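Visitor: Each chain, written out:
There are 2 protein chains.
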Amino acid sequence: MTQPYFKKIVIFGAGLIGGSFALALRRANAVGEVVGFGRSAETLKQAQQLGIIHRVGVDIATEVGDADLVLLATPVGQMPAIMAQIAPHLGVHTLVTDGGSTKCDVVAVAREILGEKIMQFVPGHPIAGGEKSGAAAARADLYQGKKVVLTPLPENSAESAARVRLAWELCGASISVLTPPQHDEVFAAVSHLPHLLSFVLVHDLAQRDNRDLLLSFAASGFRDFTRIAASSPEMWRDICLANREALLREVKQYADELHTVYQALEKNDAAKLEAIFRLASEVRNNWTKNK
Amino acid sequence: MTQPYFKKIVIFGAGLIGGSFALALRRANAVGEVVGFGRSAETLKQAQQLGIIHRVGVDIATEVGDADLVLLATPVGQMPAIMAQIAPHLGVHTLVTDGGSTKCDVVAVAREILGEKIMQFVPGHPIAGGEKSGAAAARADLYQGKKVVLTPLPENSAESAARVRLAWELCGASISVLTPPQHDEVFAAVSHLPHLLSFVLVHDLAQRDNRDLLLSFAASGFRDFTRIAASSPEMWRDICLANREALLREVKQYADELHTVYQALEKNDAAKLEAIFRLASEVRNNWTKNK
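Chains as they are written, first to last, in our numbering: chain W, 54 to 344; chain E, 54 to 344.
Source of the hints: derived by calculation from the structure; they are not laboratory data.
A quick note: this is a predicted structure, and the numbers were derived from the prediction, not measured.
Do not take every clue at face value.
If several chains are the same, the list does not tell them apart, and a pair holds so long as it fits within one copy or across any two.
[To be verified] No more than 27 Å apart at the CA atoms, straight line, and that leaves these computed lysine-lysine pairs for DSSO-like:
1) Lys170 with Lys61
2) Lys185 with Lys325
3) Lys60 with Lys305
4) Lys199 with Lys170
5) Lys98 with Lys200
6) Lys305 with Lys320
7) Lys199 with Lys342
8) Lys325 with Lys305
9) Lys342 with Lys325
Sequences are here, hints too, so could you generate the full structure?
Guide: Here is the structure:
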């Protein structure tokens with residue numbers, strides 16, 4: 054019998070991200086044992102029943118000492134505490150990766166807490182998810198054909214980066230490599246800004262006296278535009294604050310663009326409005342075709 | 054054999070909106086004959102082949118004289134010219150309705166062009182559609198369970214308004230009644246503003262040197278938020294201009310809200326950000342549940 058690529062993996066957070074990672078690796082026969090930690094005993098129990106983890110971890114110190122790979126799949130806000138708990142006990146061959154939506158802040162915290170063991174931390178961000186969360190939402194094919202961004206650090210050995218890359222590839226993902234600042238700038242533009250804009254629209258309508266009337270006429274355009282405004286308030290508060298600098302630049306630039314459109318509308322500038330809408334429409338249609 | 058509710062209907066524009074109206078009424082055995090006019094001879098021919106219209110109209114004067122109902126299902130910009138063509142020839146029992154996305158401008162034009170025959174015009178707006186357009190996209194069930202807003206005029210008789218209402222109800226729609234200004238304010242908020250915001254986001258990204266890199270990392274949140282930015286530039290230019298006053302108020306208010314969020318982010322005000330996101334998330338989730 055051949056050895057699996059990873060003898061033992063420890064996941065912190067057995068929800069959608071961590072659970073799907075475990076399921077995918079188990080389905081690929083790429084892992085011998087998955088041990089789960091998390092804040093909710095109930096979620097962990099459910100994750101075990103669903104075949105996500107083999108067992109619920111009890112003692113972090115002993116579990117991370119002989120693990121091949123540790124995945125931090127909790128909200129970013131919980132990562133510092135977990136890093137502090139695992140840092141003293143990480144085996145010399147244990148690699149750590151994460152699934153956080155922001156990277157500069159996670160890397161800064163990791164450098165501070167892991168010290169020299171920062172070389173064992175290869176940061177990552179799987180570009181997959183959905184409105185649903187929790188262990189019950191985890192699926193072995195969540196990452197199939199999806200992108201995972203890795204932001205390896207100068208301290209990582211090529212071999213360490215390759216091992217983390219392999220784990221995600223075994224989940225079916227295709228890997229992109231960016232630096233942490235590149236990552237955060239890209240996602241400020243294509244993810245964090247749209248989320249913020251969507252939240253702001255619904256909040257704007259939600260405060261009005263006639264909100265029920267307005268919402269009764271909202272249709273499919275509104276539904277899709279605001280789907281992401283149904284996301285977790287805590288998670289998005291943390292993402293926005295974690296990526297504050299890049300997001301402030303994005304909001305500023307967007308507000309300037311909006312002002313330009315406002316002025317065109319004020320002046321009845323049909324040609325300008327059409328030019329703006331046309332470029333947007335063309336780029337958006339091409340994006341779908343290239344997907 | 055019983056008579057159909059409508060002996061003859063004339064539609065201007067046999068695309069998604071007009072074509073689906075005709076298909077629905079034909080499926081309900083509610084119309085004897087559907088005659089189609091439009092700018093594109095090819096679309097009309099296709100509409101005939103698809104069973105949307107019985108025949109392509111040749112002479113507007115003779116066709117609208119004995120029609121029970123005329124539907125204007127063209128872009129709003131084409132309606133003035135059509136109204137001018139039909140006005141002298143409308144039969145005394147011929148009712149006119151439309152499917153325009155804005156109502157104050159259509160009503161103003163109709164008052165000017167139709168003169169005393171304004172009493173025969175019952176304005177409407179079916180809240181259905183999609184990215185696809187054209188005769189091939191028309192479906193008999195497009196309006197099933199959807200809202201149609203009617204904005205009857207003081208000049209309309211109760212019977213005229215009821216006849217137009219009946220036509221849409223036979224298509225499976227549920228009818229809401231608003232005044233034209235109410236209609237335009239509601240749709241500025243829940244439809245026109247989100248479209249404009251979505252266009253602006255894609256335009257913002259489209260102008261950047263690294264746009265291809267950015268778009269390569271855009272995922273499902275971006276996809277849904279920007280789906281409406283793939284809409285027709287000409288149509289949305291016209292809608293924005295037609296509903297300019299209400300839309301300017303909406304953009305102004307949105308920009309103020311965005312500035313508030315910008316400031317909260319600048320000040321690292323976690324509580325405020327979370328409160329804004331939480332209200333939005335709750336309202337959006339409740340909206341889905343009530344759908």
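Visitor: Taking the hints in turn, state whether each one holds.
Guide: Now for the hints, and whether the structure bears them out:
1. Only within a single protomer do Lys170 and Lys61 lie at most 27 Å apart by alpha-carbon distance; the minimum there is 19 Å, versus 80 Å between protomers.
2. For the homomeric pair Lys185 and Lys325, the shortest alpha-carbon distance between copies (25 Å) is at most 27 Å, but the shortest distance inside one copy (40 Å) is not.
3. In the homo-oligomer, the alpha carbons of Lys60 and Lys305 never lie at most 27 Å apart, since the shortest distance is 48 Å inside one protomer and 58 Å across protomers.
4. For the identical chains of this complex, Lys199 and Lys170 are neighbours neither inside a copy (29 Å) nor across copies (59 Å), given an alpha-carbon limit of 27 Å.
5. With identical chains, the CA atoms of Lys98 and Lys200 are never at most 27 Å apart, being 29 Å at best within one copy and 45 Å at best between copies.
6. Taking identical chains as interchangeable, the C-alpha atoms of Lys305 and Lys320 lie at most 27 Å apart whether they share a chain (23 Å) or sit on different chains (15 Å).
7. Proximity of Lys199 and Lys342 under a CA criterion of 27 Å is satisfied intra-copy only: 16 Å inside one chain copy versus 29 Å between copies.
8. Proximity of Lys325 and Lys305 under a CA criterion of 27 Å is satisfied in both settings, with 21 Å inside one chain copy and 19 Å between copies.
9. For the homomeric pair Lys342 and Lys325, the shortest alpha-carbon distance inside one copy (26 Å) is at most 27 Å, but the shortest distance between copies (39 Å) is not.
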